[in-house]
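The residues making up each chain are set out below.
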Amino acid sequence: MGGLSKKGFELEKRRKDKARILTVDAGALLFKHDKPLAPGRKIQDEIQAKGIVAAYNLLNYDAVGISAYDLAAGLDFFQEIAARSKFPWLSANLVEKSSGLPLFTPWVIVEKQQMKIGIIALTGSRAATMLSDSKGKLVDWHRILTNLVGELQPKCDLLILLSNLSIVENREICRDFPGINLVVQAGIHTGNMNPVLQNKTLLCHVDRQGKYLGEVSIRWAKKYSWGQDYRIKLLNRKRSLDRINWQLKRLENRGDPAQVDKHKPGTLQKYKFLKARQRELQNEITVINEKRRANPQNSTWKNQFIAMKVSLADQADVLKIVNDTKQQVNEAGKSQARGIKMMKSYIGSQACGKCHAEQYANWGKSRHGRAFHTLEEKGQQYNLNCLYCHVTGLNQDNAVLGLSLDKNLHNVGCESCHGPGNKHQNEPENQQIILKPSARTCLACHHDEHDDSFIYEKAVADLNCR
Amino acid sequence: MMRNIIIIFFFFFFCISVLSAGAAPSLQELTIYYSNDVRGEIEPCG
Chain A
285 MGGLSKKGFE LEKRRKDKAR ILTVDAGALL FKHDKPLAPG RKIQDEIQAK GIVAAYNLLN
345 YDAVGISAYD LAAGLDFFQE IAARSKFPWL SANLVEKSSG LPLFTPWVIV EKQQMKIGII
405 ALTGSRAATM LSDSKGKLVD WHRILTNLVG ELQPKCDLLI LLSNLSIVEN REICRDFPGI
465 NLVVQAGIHT GNMNPVLQNK TLLCHVDRQG KYLGEVSIRW AKKYSWGQDY RIKLLNRKRS
525 LDRINWQLKR LENRGDPAQV DKHKPGTLQK YKFLKARQRE LQNEITVINE KRRANPQNST
585 WKNQFIAMKV SLADQADVLK IVNDTKQQVN EAGKSQARGI KMMKSYIGSQ ACGKCHAEQY
645 ANWGKSRHGR AFHTLEEKGQ QYNLNCLYCH VTGLNQDNAV LGLSLDKNLH NVGCESCHGP
705 GNKHQNEPEN QQIILKPSAR TCLACHHDEH DDSFIYEKAV ADLNCR
Chain B
499 MMRNIIIIFF FFFFCISVLS AGAAPSLQEL TIYYSNDVRG EIEPCG
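Top to bottom, those sequences are chains A and B.
In this note's numbering, each residue carries its 1-based index in the first sequence increased by 284.
In this note's numbering, each residue carries its 1-based index in the second sequence increased by 498.
What the hints contain is simulated information worked out from the structure, not anything from laboratory work.
Each hint should be verified, as a subset may be incorrect.
To give an idea of the interface, some chain B residues facing chain A are shown, with a C-beta separation under 7 Å as derived from the structure [unchecked claim]: (1) Leu525; (2) Glu527; (3) Leu528; (4) Thr529; (5) Ile530; (6) Tyr531; (7) Tyr532; (8) Ser533; (9) Asp535; (10) Val536; (11) Gly538; (12) Glu539; (13) Ile540; (14) Glu541.
SDA-like cross-link-like pairs, simulated, lysine to any residue; straight-line CA separation at most 25 Å [claimed, not checked]: (15) A:Lys484 / B:Gln526; (16) A:Lys439 / B:Glu527; (17) A:Lys484 / B:Ser524; (18) A:Lys593 / A:Asp735; (19) A:Lys370 / A:Gln493; (20) A:Lys319 / A:Gly434; (21) A:Lys610 / A:Ile327; (22) A:Lys334 / B:Thr529; (23) A:Lys297 / B:Thr529; (24) A:Lys439 / B:Pro542; (25) A:Lys517 / B:Pro542; (26) A:Lys326 / A:Lys297; (27) A:Lys638 / A:Asn692; (28) A:Lys297 / B:Asn502; (29) A:Lys517 / B:Glu527; (30) A:Lys720 / A:His640; (31) A:Lys507 / A:Ala578; (32) A:Lys484 / B:Pro542; (33) A:Lys302 / A:Gly434; (34) A:Lys517 / B:Leu525; (35) A:Lys575 / B:Gln526; (36) A:Lys586 / B:Leu525; (37) A:Lys302 / B:Glu527; (38) A:Lys517 / A:Met477; (39) A:Lys396 / B:Glu527; (40) A:Lys506 / B:Pro542.
Nothing here was measured: the structure is a model prediction, and the numbers come from that model.
Glycine residues also receive a C-beta, built at the ideal position from the N, C-alpha and C atoms.
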């Protein structure tokens, strides 16, 4: 699930349907980790980051926040990236060391059909690690935000903060800055979160890796704070009551059900149930109406998460960028490959097969046995982000070794689950091998980023190499 | 006659101003599409 071309298609479709649309990204867009890139991965990750910016240029984002994740390749690279972006990268607290002036646009006001929307962004403290040897530094956001809210609130109908701060800091902002109407937060690891009303501010975020797109439809007037949408609640209850009334009328038209249906306990029971539900709904409508009278006007919101399913269509121009980028990443990996290496202590599945012929034959037909081939089919066998889970004996940190790996260690071989086989091969009686892989072993690749539906017990039971 | 027309016109204008000042502001509709933490995922692996 995920993919920028799917997001492109969905946004394009919705832009045609809806009159007034704003598109924002809170940040952590470009890189996987919020720490400096490992030297071996730098080239590929930078190519990918440039591809993402090219795609976002086509997606017409109104603003994107800057996070520690975006600075992982250094400030110079990020400034180069920002220069080729058609959307504004925002940070109000990322400043030049020498002058103290903002290095990037601190805020923007976007006008959408006479509605003025102010957008501010703050970069989280983890970015300081990436800025230590650069001309930039992070400054305390409290005073900056106080000034900006004071300046922008009178000019805007709606004020949004793109925050890369911690959850605790975001809550502090909601408590102390009621002038901010909506916060989109990044860098938080909790999947999709339905918007939460904290004090007078709506706090939103969506699951990572572009698996979903958040959509919050608001009916907003600056004068009214956020509140319940009684209109929709009332409508739903009235619809339910209409259905119940119609069913009751049908039963009552035949005469008094207590008499007519006295020998049909099922029908009588249904009639009593409907009467009870009718009273319940009438009471609920009365309560909603009372609340509505007490709070005649609220600004309201309705949220949904749009899943970027594999089955969705792709936006053609974005898809081309995605495919070109993937090809460039693979070519870059290929040019990094040097000779052929065998991993110490690993012997390869073919060697295992000399004694375990049946298991080896079964493994060859399994998905693990064809894992490297699937990458080759997609032209991604040199992509370091994918490679380590399609070969034997590697992990995310030493993935670069995979570029020059001996063919015997291609695919997810016997030793991926059972551990290195060198000692076992030499002394099969004395040197036992891991019989059943631990959950930790499997989850190194089958984690929620790559495999949402993985269940360890089921997967181990279904292994077909035995 | 002319004076009456002017008075009526100003009275009418006054009424409209008073009514619109007291009216509740209308709710504006906006759809916000938001994302975060794409984390370098241009297209999912696998």
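Against the structure, the hints come out as follows:
For Leu525 of chain B, the interface hint holds, the least distance from its beta-carbon to any beta-carbon of chain A being 4 Å, beneath 7 Å. Annotation: interface hint on Glu527 of chain B holds; nearest CB of chain A at approximately 6 Å, less than 7 Å. Among the interface hints, the one on Leu528 of chain B holds; its C-beta lies about 5 Å from the nearest C-beta in chain A, closer than the 7 Å criterion. The closest approach between the C-beta of Thr529 of chain B and any C-beta of chain A is roughly 5 Å, which is under the 7 Å cut-off, so the hint is satisfied.
Residue-level restraint check for Ile530 of chain B holds (minimum Cβ-Cβ distance to chain A is 5 Å; threshold 7 Å). Interface restraint check: Tyr531 of chain B against chain A, minimum CB-CB distance 5 Å, threshold 7 Å, status holds. Nearest Cβ of chain A to the Cβ of Tyr532 of chain B: about 4 Å, under the 7 Å cut. The hint holds. Because the smallest distance between the Cβ of Ser533 of chain B and any Cβ of chain A comes to about 5 Å, under 7 Å, the interface hint for this residue holds.
The criterion of a C-beta within 7 Å of any C-beta in chain A is met by Asp535 of chain B, whose closest approach is roughly 4 Å, and the hint holds. Hint status for Val536 of chain B relative to chain A: holds, with the closest Cβ pair at about 5 Å, below 7 Å. Below 7 Å, beta-carbon pairs count as interface contacts, and Gly538 of chain B has one with chain A at about 5 Å; its hint therefore holds. Taking 7 Å as the C-beta contact cut-off toward chain A, the hint placing Glu539 of chain B at the interface holds, the least distance being around 4 Å.
At its closest, the beta carbon of Ile540 of chain B sits 5 Å from a beta carbon of chain A; the interface hint therefore holds under the 7 Å criterion. Here the hint on Glu541 of chain B is kept, as its CB sits about 5 Å from the closest CB of chain A, short of 7 Å. At roughly 18 Å between alpha-carbon atoms, Lys484 of chain A and Gln526 of chain B fall within 25 Å of each other, so this suggested pair holds. With a CA separation close to 18 Å, the supplied pair Lys439 of chain A and Glu527 of chain B stays within the 25 Å bound.
A C-alpha spacing of about 20 Å is found between Lys484 of chain A and Ser524 of chain B, which places the hinted pair at or below 25 Å, so the restraint holds. Only pairs whose Cα atoms come within 25 Å are accepted, and Lys593 of chain A paired with Asp735 of chain A is accepted, the gap being roughly 13 Å. Taking the CA atoms of Lys370 of chain A and Gln493 of chain A, the gap is about 22 Å. The hint holds against a cut of 25 Å. Simply put, Lys319 of chain A and Gly434 of chain A have alpha-carbon atoms about 34 Å apart, too far for the 25 Å limit, and the pair is violated.
For a cut-off of 25 Å, the pair hint linking Lys610 of chain A to Ile327 of chain A stands: about 13 Å separates their Cα positions. Annotation: proposed proximity of Lys334 of chain A to Thr529 of chain B is violated, straight-line Cα distance about 28 Å (limit 25 Å). For a cut-off of 25 Å, the pair hint linking Lys297 of chain A to Thr529 of chain B stands: about 13 Å separates their Cα positions. Using a Cα cut-off of 25 Å, the hinted pair Lys439 of chain A and Pro542 of chain B is violated, with the two alpha carbons roughly 41 Å apart.
Only pairs whose Cα atoms come within 25 Å are accepted, and Lys517 of chain A paired with Pro542 of chain B is rejected, the gap being roughly 38 Å. Taking the CA atoms of Lys326 of chain A and Lys297 of chain A, the gap is about 35 Å. The hint is violated against a cut of 25 Å. At roughly 13 Å between alpha-carbon atoms, Lys638 of chain A and Asn692 of chain A fall within 25 Å of each other, so this suggested pair holds. Note on Lys297 of chain A and Asn502 of chain B: the hinted pairing is violated, with a Cα-Cα distance of about 57 Å set against a maximum of 25 Å.
With a C-alpha separation of about 18 Å, the suggested pair Lys517 of chain A and Glu527 of chain B falls inside the 25 Å cut-off, and the hint holds. Using a Cα cut-off of 25 Å, the hinted pair Lys720 of chain A and His640 of chain A holds, with the two alpha carbons roughly 16 Å apart. Of the supplied pair hints, the one linking Lys507 of chain A and Ala578 of chain A holds, its CA atoms being roughly 16 Å apart against a limit of 25 Å. A threshold of 25 Å between alpha carbons decides the hint, and for Lys484 of chain A with Pro542 of chain B the separation of about 37 Å lies outside it, so the pair is violated.
A threshold of 25 Å between alpha carbons decides the hint, and for Lys302 of chain A with Gly434 of chain A the separation of about 31 Å lies outside it, so the pair is violated. The suggested pairing of Lys517 of chain A with Leu525 of chain B holds, with an alpha-carbon distance near 18 Å, which does not exceed 25 Å. Between Lys575 of chain A and Gln526 of chain B the alpha-carbon distance is near 22 Å, which keeps this suggested pair within the 25 Å criterion. A distance of roughly 14 Å separates the Cα atoms of Lys586 of chain A and Leu525 of chain B; the hinted pair therefore holds under the 25 Å criterion.
Between the alpha carbons of Lys302 of chain A and Glu527 of chain B the distance comes to roughly 10 Å, so the proposed pair stays at or under 25 Å and holds. Simply put, Lys517 of chain A and Met477 of chain A have alpha-carbon atoms about 21 Å apart, close enough for the 25 Å limit, and the pair holds. Taking the CA atoms of Lys396 of chain A and Glu527 of chain B, the gap is near 10 Å; set against the 25 Å cutoff, the hint holds. With a C-alpha separation of about 40 Å, the suggested pair Lys506 of chain A and Pro542 of chain B falls outside the 25 Å cut-off, and the hint is violated.
In summary, the numbered hints that this structure violates are 20, 22, 24, 25, 26, 28, 32, 33, 40.
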